[in-house]
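Student: Residue numbers (our numbering): 62 to 130.
Treat the hints as calculated values from the structure; they're not laboratory data. Please note: incorrect hints may appear among the correct ones.
[What the hints assert, rightly or not] Below 35 Å or equal to it, Euclidean Cα-Cα: the simulated DSBU-like pairs (lysine-lysine) are:
| no. | residue 1 | residue 2 |
| --- | --- | --- |
| 1 | Lys76 | Lys115 |
| 2 | Lys88 | Lys76 |
| 3 | Lys76 | Lys117 |
| 4 | Lys120 | Lys63 |
| 5 | Lys120 | Lys71 |
| 6 | Lys88 | Lys123 |
| 7 | Lys88 | Lys126 |
| 8 | Lys63 | Lys126 |
| 9 | Lys120 | Lys107 |
| 10 | Lys63 | Lys115 |
| 11 | Lys71 | Lys88 |
| 12 | Lys63 | Lys117 |
| 13 | Lys71 | Lys115 |
| 14 | Lys71 | Lys127 |
| 15 | Lys117 | Lys127 |
| 16 | Lys88 | Lys117 |
| 17 | Lys71 | Lys117 |
| 18 | Lys107 | Lys127 |
| 19 | Lys88 | Lys115 |
| 20 | Lys107 | Lys117 |
| 21 | Lys63 | Lys107 |
| 22 | Lys71 | Lys123 |
| 23 | Lys76 | Lys107 |
| 24 | Lys76 | Lys123 |
| 25 | Lys126 | Lys115 |
| 26 | Lys88 | Lys107 |
| 27 | Lys71 | Lys107 |
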Amino acid sequence: MKQIGIISGKGGTGKTVITASFASLAKDAIFADCDVDAADLHLLLKPEIIERHKFKSGKVAKIDKKFCQ
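With the hints as extra help, turn the sequences into a complete structure.
Tutor: And the structure:
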């Protein structure tokens with residue numbers, strides 16, 4: 062199985078557009094948009110949803126005020 066990862070810490074760099082371009086060329090492929098803030102790949106690909114699952118993370122973020130000075 063071949064895997065390609067497209068990453069950047071900055072928004073607006075074209076990650077979704079590049080991924081959608083690869084997706085349009087691929088056959089029998091699986092794509093995952095793992096953007097925690099704005100997962101928008103579905104807007105371009107309009108996929109058929111076969112299964113849907115609830116997700117809950119294991120940890121809650123906590124601010125330690127002693128590091129905020």
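Student: Could you run down the list of hints and mark each one as holding or not?
Tutor: Going through the hints against the structure:
1. Lys76 / Lys115: Within the cut-off at roughly 25 Å; holds.
2. Lys88 / Lys76: Given that 35 Å is the threshold and the Cα spacing comes to 20 Å, the pair holds.
3. Lys76 / Lys117: 25 Å, holds
4. Lys120 / Lys63: Within the cut-off at roughly 31 Å; holds.
5. Lys120 / Lys71: Holds. Lys120 to Lys71 sits at ~24 Å (cutoff 35 Å).
6. Lys88 / Lys123: Violated, at roughly 43 Å.
7. Lys88 / Lys126: 50 Å, violated
8. Lys63 / Lys126: 44 Å, violated
9. Lys120 / Lys107: 31 Å, holds
10. Lys63 / Lys115: Answer holds: Lys63 to Lys115 is near 27 Å, not above 35 Å.
11. Lys71 / Lys88: Holds, at roughly 29 Å.
12. Lys63 / Lys117: 28 Å, holds
13. Lys71 / Lys115: Judged against 35 Å, a Cα distance of about 27 Å means the pair holds.
14. Lys71 / Lys127: The hint holds at about 28 Å.
15. Lys117 / Lys127: Roughly 28 Å between the alpha carbons, so the hint for Lys117 and Lys127 holds.
16. Lys88 / Lys117: 31 Å, holds
17. Lys71 / Lys117: 25 Å, holds
18. Lys107 / Lys127: Violated: Lys107 and Lys127 sit about 46 Å apart, past 35 Å.
19. Lys88 / Lys115: 27 Å, holds
20. Lys107 / Lys117: 24 Å, holds
21. Lys63 / Lys107: 23 Å, holds
22. Lys71 / Lys123: OK: Lys71 and Lys123 at ~23 Å, within 35 Å.
23. Lys76 / Lys107: Roughly 17 Å separates the two Cα atoms, so the pair holds.
24. Lys76 / Lys123: Holds. Lys76 to Lys123 sits at ~29 Å (cutoff 35 Å).
25. Lys126 / Lys115: Judged against 35 Å, a Cα distance of about 32 Å means the pair holds.
26. Lys88 / Lys107: 16 Å, holds
27. Lys71 / Lys107: 24 Å, holds
This entry does not satisfy hints 6, 7, 8, 18, going by the numbered hints stated previously.
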